[in-house]
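**Q** Line by line, the protein sequences give chains A and B. Take 1 as the starting number for the first sequence in this note's numbering and just add one per residue. Take 1 as the starting number for the second sequence in this note's numbering and just add one per residue.
Among the hints, a few may not be true.
To be verified - Below, computed lysine-lysine pairings styled on BS3-like, alpha-carbon distance capped at 30 Å:
1. B:Lys102 <-> B:Lys37
2. B:Lys52 <-> B:Lys152
3. B:Lys102 <-> A:Lys15
4. A:Lys15 <-> B:Lys110
5. B:Lys152 <-> B:Lys37
6. B:Lys127 <-> B:Lys110
7. A:Lys15 <-> B:Lys152
8. A:Lys15 <-> B:Lys37
If you are wondering where the hints come from, they were derived from the structure by calculation, not from laboratory data.
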Amino acid sequence: MLSASDWTAIVLTLKLATIVTLLLVVIATPLAWWLASTRSWLRGPVAAIVALPLVLPPTVIGFYLLLAFAPSGPLGQATGWLGLAPLAFSFEGLVIGSLIYSLPFVVQPVQNAMRAIGREPLDAAAMLGASPLDRFFSIVVPMSLPGYLVGAALGFAHTVGEFGIVLMIGGSIPSETRVVSVQIYDYVEGLEYSSAHRLSALVLLTSFVILLSVYVWQFRRPSSNIGKTGATL
Amino acid sequence: MLCCLIMLVSSASADVNVAVASNFANTARQLAREFEKTHDTQIVIVAGSSGKHYAQIVNGAPFDILLSADQQKPAKLQSANLLLTAPKTYALGRLALWTPRKAIDNISLKTVLSQNRSARIAMANPKLAPYGIAALETLSSTDPQNQFNMKKVIAENVSQAYQFAHSGNVDLAFVAVSQLQQQGVAATHWFAVPASKHSPILQDAALLKRASNNAQAHAFFNYLLSPATQQLISEAGYERIPTTH
Numbered sequence: 001m002l003s004a005s006d007w008t009a010i011v012l013t014l015k016l017a018t019i020v021t022l023l024l025v026v027i028a029t030p031l032a033w034w035l036a037s038t039r040s041w042l043r044g045p046v047a048a049i050v051a052l053p054l055v056l057p058p059t060v061i062g063f064y065l066l067l068a069f070a071p072s073g074p075l076g077q078a079t080g081w082l083g084l085a086p087l088a089f090s091f092e093g094l095v096i097g098s099l100i101y102s103l104p105f106v107v108q109p110v111q112n113a114m115r116a117i118g119r120e121p122l123d124a125a126a127m128l129g130a131s132p133l134d135r136f137f138s139i140v141v142p143m144s145l146p147g148y149l150v151g152a153a154l155g156f157a158h159t160v161g162e163f164g165i166v167l168m169i170g171g172s173i174p175s176e177t178r179v180v181s182v183q184i185y186d187y188v189e190g191l192e193y194s195s196a197h198r199l200s201a202l203v204l205l206t207s208f209v210i211l212l213s214v215y216v217w218q219f220r221r222p223s224s225n226i227g228k229t230g231a232t233l
Numbered sequence: 001m002l003c004c005l006i007m008l009v010s011s012a013s014a015d016v017n018v019a020v021a022s023n024f025a026n027t028a029r030q031l032a033r034e035f036e037k038t039h040d041t042q043i044v045i046v047a048g049s050s051g052k053h054y055a056q057i058v059n060g061a062p063f064d065i066l067l068s069a070d071q072q073k074p075a076k077l078q079s080a081n082l083l084l085t086a087p088k089t090y091a092l093g094r095l096a097l098w099t100p101r102k103a104i105d106n107i108s109l110k111t112v113l114s115q116n117r118s119a120r121i122a123m124a125n126p127k128l129a130p131y132g133i134a135a136l137e138t139l140s141s142t143d144p145q146n147q148f149n150m151k152k153v154i155a156e157n158v159s160q161a162y163q164f165a166h167s168g169n170v171d172l173a174f175v176a177v178s179q180l181q182q183q184g185v186a187a188t189h190w191f192a193v194p195a196s197k198h199s200p201i202l203q204d205a206a207l208l209k210r211a212s213n214n215a216q217a218h219a220f221f222n223y224l225l226s227p228a229t230q231q232l233i234s235e236a237g238y239e240r241i242p243t244t245h
């Protein structure tokens with residue numbers, strides 16, 4: 001039903017979404033914690049920067065990345081100096097683009113979940129002699145798990161849906177940068193509508209199932225933490 | 001309220017809505033301005049990929065004329081019974097090889113490739129764009145075994161191929177002669193690919209059924225095909241259409 005190149009695109013998309021989600025969970029943790037707990041005046045500006053990809057057209061991000069990846073751009077110079085291959089039209093370039101694009105979708109739910117914990121559990125643990133690191137991994141992380149799950153699901157689904165950036169910096173290379181969204185776009189451009197239908201329906205269904213499982217799980221959880229996580233969708 | 005009235009009044013005069021392939025957009029705008037000097041109408045140029053234009057037209061988009069990048073889309077519109085007359089070729093595209101950071105005057109195509117082994121070369125998507133097909137054909141005929149190991153970077157269209165080269169992300173690109181002329185790119189850094197290396201890049205114009213009562217649309221369509229305009233088009237970097245066409 002789906003062609004070989006469709007499956008290649010699907011596998012590539014899943015690979016990209018998985019790697020990006022895992023990286024973002026790691027990156028989001030210190031960032032979300034700092035945003036949730038700091039009193040510094042920098043909190044506002046940093047939060048705004050994190051939220052930028054929510055409102056920026058992906059073409060803007062893609063355009064600036066194209067310039068940054070070029071040999072004369074900052075990232076291009078860095079990769080050149082390290083002896084690495086250029087980032088434009090590569091899987092690694094897409095990962096970087098997706099990290100920026102999906103950042104707020106992972107950081108914000110985690111941040112809200114961490115903030116909802118409040119000071120009391122942490123103060124209590126401190127009084128009992130727990131170190132900051134111990135407090136973080138024994139209390140903060142487990143209690144913000146709902147936020148992590150929502151963030152991971154959203155980050156994953158959002159990366160699967162990425163298009164504008166891939167179009168700008170991808171180059172549509174099979175097994176490297178030709179993700180499902182580009183494959184569908186190429187089908188429509190080439191007037192191959194039934195192929196476009198098949199792939200689009202699959203993506204629609206998959207995205208819906210991911211979101212459905214997140215929502216159903218959220219509403220079914222024991223009421224002790226519902227409303228407290230504040231994880232917004 | 002006043003704005004709405006003004007807008008209603010201004011749209012009452014017959015506009016001509018023209019969907020134009022990206023590679024021809026700038027030339028189309030120039031021609032539109034020329035036409036407007038002697039005709040009481042406004043030509044609205046909407047640039048984009050022919051594939052998208054086709055999909056939109058088939059779904060009722062309000063265009064009077066389609067200036068496609070190829071012959072395929074107008075032909076499909078005709079078999080879908082959406083045209084007033086048969087499609088007519090309005091431009092014959094010329095492919096160029098461009099190396100933004102190296103001078104290549106007086107070098108043959110094969111030599112340029114051999115001097116840039118394993119380099120990235122951008123081209124429009126051969127599946128979708130006639131300039132891409134021409135680029136692929138040129139590469140295949142010049143280097144059939146890919147002994148120069150060129151890494152093809154597929155752009156969405158000729159404009160994006162240009163962008164990839166301009167930003168420095170690729171060293172070579174197959175683009176349209178008209179683009180390089182319009183941007184005033186130094187002649188030492190590009191040359192037109194010999195027409196024998198690829199099939200002709202024929203770009204067809206289609207007059208859509210929506211324009212049946214729009215005399216200005218008919219006028220603009222005929223204007224594009226007139227000898228004077230064809231001269232302007234060829235000066236913009238296209239070939240003259242053979243008169244037997």
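**Q** Can you list which hints this structure breaks, lowest number first?
**A** 1, 3, 4, 5 and 8
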